[in-house]
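J.: Build out the structure end to end from the sequences listed, making use of the hints.
Residue numbers (the numbering used here), protein chains in the order written: chain A, 1 to 238; chain B, 239 to 451; chain C, 452 to 677.
Among these hints, one or two may not hold up.
Said to hold, decoys possible - Just so you have them, the derived chain A footprint on chain B, three or more residues with Cβ under 8 Å:
| id | region |
| --- | --- |
| 1 | 358–372 |
| 2 | 407–413 |
Said to hold, decoys possible - Here are the simulated DSSO-like cross-link-like pairs (lysine-lysine), alpha carbons at most 30 Å apart as the crow flies:
| id | chain 1 | residue 1 | chain 2 | residue 2 |
| --- | --- | --- | --- | --- |
| 3 | B | Lys280 | C | Lys566 |
| 4 | B | Lys280 | A | Lys115 |
| 5 | A | Lys90 | B | Lys438 |
| 6 | B | Lys280 | A | Lys107 |
| 7 | B | Lys438 | A | Lys72 |
| 8 | A | Lys90 | B | Lys280 |
| 9 | B | Lys280 | C | Lys664 |
| 10 | C | Lys577 | B | Lys438 |
| 11 | C | Lys664 | B | Lys438 |
Stated by the list, open to error - With the C-beta cut set under 8 Å, the calculated list includes, among others, these residues of chain B facing chain A:
| id | residue |
| --- | --- |
| 12 | Pro345 |
| 13 | Thr441 |
| 14 | Trp443 |
Note that these hints are calculated values from the structure, not bench results.
Note that the Cβ used here is the ideal one computed from N, Cα and C, for glycine as well.
Spelled out from the first residue to the last, the chains are:
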Amino acid sequence: MIEFKRVSKSFGEAEAVKDFSLILPTRKITVLMGLSGSGKTTLIRMVNKMVEPSGGAVFIDSNDISELEPVKLRRSIGYVMQEVGLLPHKRVLENIRLIAEISGQTKTEALQNAKDMLNLVGIDQEFHDRYPAQLSGGQQQRVGVARALAIKPNILLMDEPFGAVDPIVREELQDELIRIQLSLGLTIMFITHDRLEALKLADQLVVLSDNGKIEQAGTPSEIKAAPSNEFVKKLLGV
Amino acid sequence: MEWALKNLELIFDLTITHLWVSLIPLVIGSVIAIFLARIVPKRFAGSVNGTLGALYAIPSLALFVALPALIGTNYVGPINVVIALSLYVVASMFFSARDAFNQVPAPAIFIARAQGMSPWQRIIHVELPLAIPGLIAGLRVAAASTVSMASIGAVVGVRNLGYLFLDGFQRKIADEIVTGLFAIFVIAIVLDAGLWFLNKVLTPWSKKSVQHA
Amino acid sequence: MLSIAEIWQWLFDVTNWEGRYGLVNLFFEHMTLSFSAILIAALIAVPIGVAIGHLGKGEAVVVAISSISRAIPTMGLLFALVMFMGIEFRGFAVTLALIIIAIPPILAGSYAGIKAIPQTISQASKAQGMTAQQLIWHVELPLSAASIIGGVRIAYIQVVSTVVLAPLIGLGGLGFGIIQGLALRDFAQVTASAVIIVFITILGDRLIGFAQKLTAVKLAAVEIDR
Numbered sequence: 001m002i003e004f005k006r007v008s009k010s011f012g013e014a015e016a017v018k019d020f021s022l023i024l025p026t027r028k029i030t031v032l033m034g035l036s037g038s039g040k041t042t043l044i045r046m047v048n049k050m051v052e053p054s055g056g057a058v059f060i061d062s063n064d065i066s067e068l069e070p071v072k073l074r075r076s077i078g079y080v081m082q083e084v085g086l087l088p089h090k091r092v093l094e095n096i097r098l099i100a101e102i103s104g105q106t107k108t109e110a111l112q113n114a115k116d117m118l119n120l121v122g123i124d125q126e127f128h129d130r131y132p133a134q135l136s137g138g139q140q141q142r143v144g145v146a147r148a149l150a151i152k153p154n155i156l157l158m159d160e161p162f163g164a165v166d167p168i169v170r171e172e173l174q175d176e177l178i179r180i181q182l183s184l185g186l187t188i189m190f191i192t193h194d195r196l197e198a199l200k201l202a203d204q205l206v207v208l209s210d211n212g213k214i215e216q217a218g219t220p221s222e223i224k225a226a227p228s229n230e231f232v233k234k235l236l237g238v
Numbered sequence: 239m240e241w242a243l244k245n246l247e248l249i250f251d252l253t254i255t256h257l258w259v260s261l262i263p264l265v266i267g268s269v270i271a272i273f274l275a276r277i278v279p280k281r282f283a284g285s286v287n288g289t290l291g292a293l294y295a296i297p298s299l300a301l302f303v304a305l306p307a308l309i310g311t312n313y314v315g316p317i318n319v320v321i322a323l324s325l326y327v328v329a330s331m332f333f334s335a336r337d338a339f340n341q342v343p344a345p346a347i348f349i350a351r352a353q354g355m356s357p358w359q360r361i362i363h364v365e366l367p368l369a370i371p372g373l374i375a376g377l378r379v380a381a382a383s384t385v386s387m388a389s390i391g392a393v394v395g396v397r398n399l400g401y402l403f404l405d406g407f408q409r410k411i412a413d414e415i416v417t418g419l420f421a422i423f424v425i426a427i428v429l430d431a432g433l434w435f436l437n438k439v440l441t442p443w444s445k446k447s448v449q450h451a
Numbered sequence: 452m453l454s455i456a457e458i459w460q461w462l463f464d465v466t467n468w469e470g471r472y473g474l475v476n477l478f479f480e481h482m483t484l485s486f487s488a489i490l491i492a493a494l495i496a497v498p499i500g501v502a503i504g505h506l507g508k509g510e511a512v513v514v515a516i517s518s519i520s521r522a523i524p525t526m527g528l529l530f531a532l533v534m535f536m537g538i539e540f541r542g543f544a545v546t547l548a549l550i551i552i553a554i555p556p557i558l559a560g561s562y563a564g565i566k567a568i569p570q571t572i573s574q575a576s577k578a579q580g581m582t583a584q585q586l587i588w589h590v591e592l593p594l595s596a597a598s599i600i601g602g603v604r605i606a607y608i609q610v611v612s613t614v615v616l617a618p619l620i621g622l623g624g625l626g627f628g629i630i631q632g633l634a635l636r637d638f639a640q641v642t643a644s645a646v647i648i649v650f651i652t653i654l655g656d657r658l659i660g661f662a663q664k665l666t667a668v669k670l671a672a673v674e675i676d677r
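T.: As structure tokens, then:
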């Protein structure tokens, strides 16, 4: 379980997030949906301490993460983002193996996990020895997901992970994620501005307006059935 | 040509010294330049670059003979030359090395942090390897100037290929001077080709080679 | 180790400032040698660099010249030219060597300056009916001034570094005190001369750098207007 307790964040004068509280239940996909300026990326980066809140606190399984060592914390949380961020100078398999090893696994464990996870996300063995530049955008993003899973995390943070791929591949990747979630049962925090993606993936959907203001939270069907205001209606197109 | 053939042994000895007096500064200077480029914060980069720029403008002979008054070394001998040439390498490489680090893709660095690499792991696994093409490009420029500048060390008593210029001029042997010019040029070219090759070997992932794969 | 007092003493000794090899004379010789060579080199290299940049042909030549020139030791070039032209023409030989040393960076700076001008600017100027001459004079030269001066700055550094060696072939210039001092083991003279050279060279470099900055501001303003 991830809990945001009255969290706020300002960068200099600019306020990105104001008094935000939310619980993300264990083994569920929570989707934060909002436009740019809604502070959603700031929020997701607070979970692995890439951003420190200016006020309030984030808890993982009731532990205040401000007391945890950032590097150690990050080695236990998977992170996937739109730009993927594969290391261009390392081959596909090595990209994943390296991160798994850094997270504390032995060399053999890390290699086995890397292979297993590539298999899980549907990357054939023939691609293992390629460089990232030799993969399509969709394949790169699959590798990005495999990399996040190879550290055996309980929590997966996904910041608009499928934002840069074309619509058909995007749907494939969404289906893949649902399948993976069925077998691994992770606590996933997922960020998107795409309403179809949000409705499709969310166990819990959270609609944000400016500065992380929660306009409505609930299951997709609840929100679709009874949008709380015009903003939610407009954003979800219902 | 005749002169060169008669003095092969001398040329060989001078070449060995010349290599030492050039390679040591290249190694020391590039390590310092890379280190500085990586650790100097952005707001100080301008002033560091300005200081190094002024240093770079100092004529080499003047720097060779100014060092003894500053650090107490002897006026004659290779130490001042090695130190001065190292400083020139730092000055020449600092800017391009910063560029090399700045060109490392931001998402790769971000993910390295977000997945828990320590700062050292990030430098070893991500930043240094990805900065290699830019670093070597800067090193190639520095290498050529260092090899040719090292010859001025002969004026302060370093017996390297620059000695052929002084000796040839005094004894009016044009061939000796031409031999020196040629030998230094060849060393510079060989060093440059070596660095080009090193870059190719160290970056099999770079775009050109990847497309061939 | 030499004390600062000894260096001061040498510097404030009037006899070291007067006469054929006094600092005043050496300074003017130093400056004349440096600047005449840079001026002539600029008169040759700027038009060629601008032409190459304007026509977009011959880029490989510029790149080759500037990388090959780095590998040529200036001292060897200087000595070789004096040797081949004869010691009685050494003044001319030194100037020629300095011109050869100054040309590549100025050429590269001029070419790079023109090349860096956004195509939209030159195209718009042509569309407004500018002739090639007008384009070069009113658009390309002003916009590449900073880069040309940047080339001159590198040329200056290399030329001065070679002028310091001129006493080795029997000419003057501020390097004289270093060469003579080393021979006579008068290290106060060596160090004082080095200090003067360092001071004057850095001052010159900063002045050229200042000119470079002034002209670069112009380019930014033009880009904002666009």
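J.: Determine for every hint whether it applies to the structure shown.
T.: Hint check:
1. Here's how the region 358–372 of chain B fares: 5 of its residues keep a CB closer than 8 Å to some CB of chain A, so the rule of at least three is met and the hint holds.
2. As drawn, the region 407–413 of chain B meets chain A at 0 residues by the rule of a beta-carbon pair under 8 Å; below three, the given contact is violated.
3. Annotation: proposed proximity of B:Lys280 to C:Lys566 holds, straight-line Cα distance about 28 Å (limit 30 Å).
4. Among the hinted pairs, B:Lys280 with A:Lys115 is inconsistent with the structure: their alpha-carbon atoms are about 40 Å apart, more than 30 Å.
5. Using a Cα cut-off of 30 Å, the hinted pair A:Lys90 and B:Lys438 holds, with the two alpha carbons roughly 15 Å apart.
6. A distance of roughly 37 Å separates the Cα atoms of B:Lys280 and A:Lys107; the hinted pair therefore is violated under the 30 Å criterion.
7. Simply put, B:Lys438 and A:Lys72 have alpha-carbon atoms about 36 Å apart, too far for the 30 Å limit, and the pair is violated.
8. A threshold of 30 Å between alpha carbons decides the hint, and for A:Lys90 with B:Lys280 the separation of about 28 Å falls inside it, so the pair holds.
9. For the given pair, B:Lys280 sits about 20 Å from C:Lys664 by alpha-carbon distance, which is consistent with the 30 Å threshold.
10. A distance of roughly 43 Å separates the Cα atoms of C:Lys577 and B:Lys438; the hinted pair therefore is violated under the 30 Å criterion.
11. Restraint check: the Cα-Cα separation between C:Lys664 and B:Lys438 comes to about 37 Å, which exceeds 30 Å; the hinted pair is violated.
12. Residue-level restraint check for B:Pro345 holds (minimum Cβ-Cβ distance to chain A is 3 Å; threshold 8 Å).
13. With 8 Å as the threshold, the beta carbon of B:Thr441 comes within range of chain A, its nearest partner Cβ sitting at about 7 Å, so the hint holds.
14. Checking B:Trp443 against chain A by beta carbon gives a least distance of about 4 Å; that is within 8 Å, so the hint holds.
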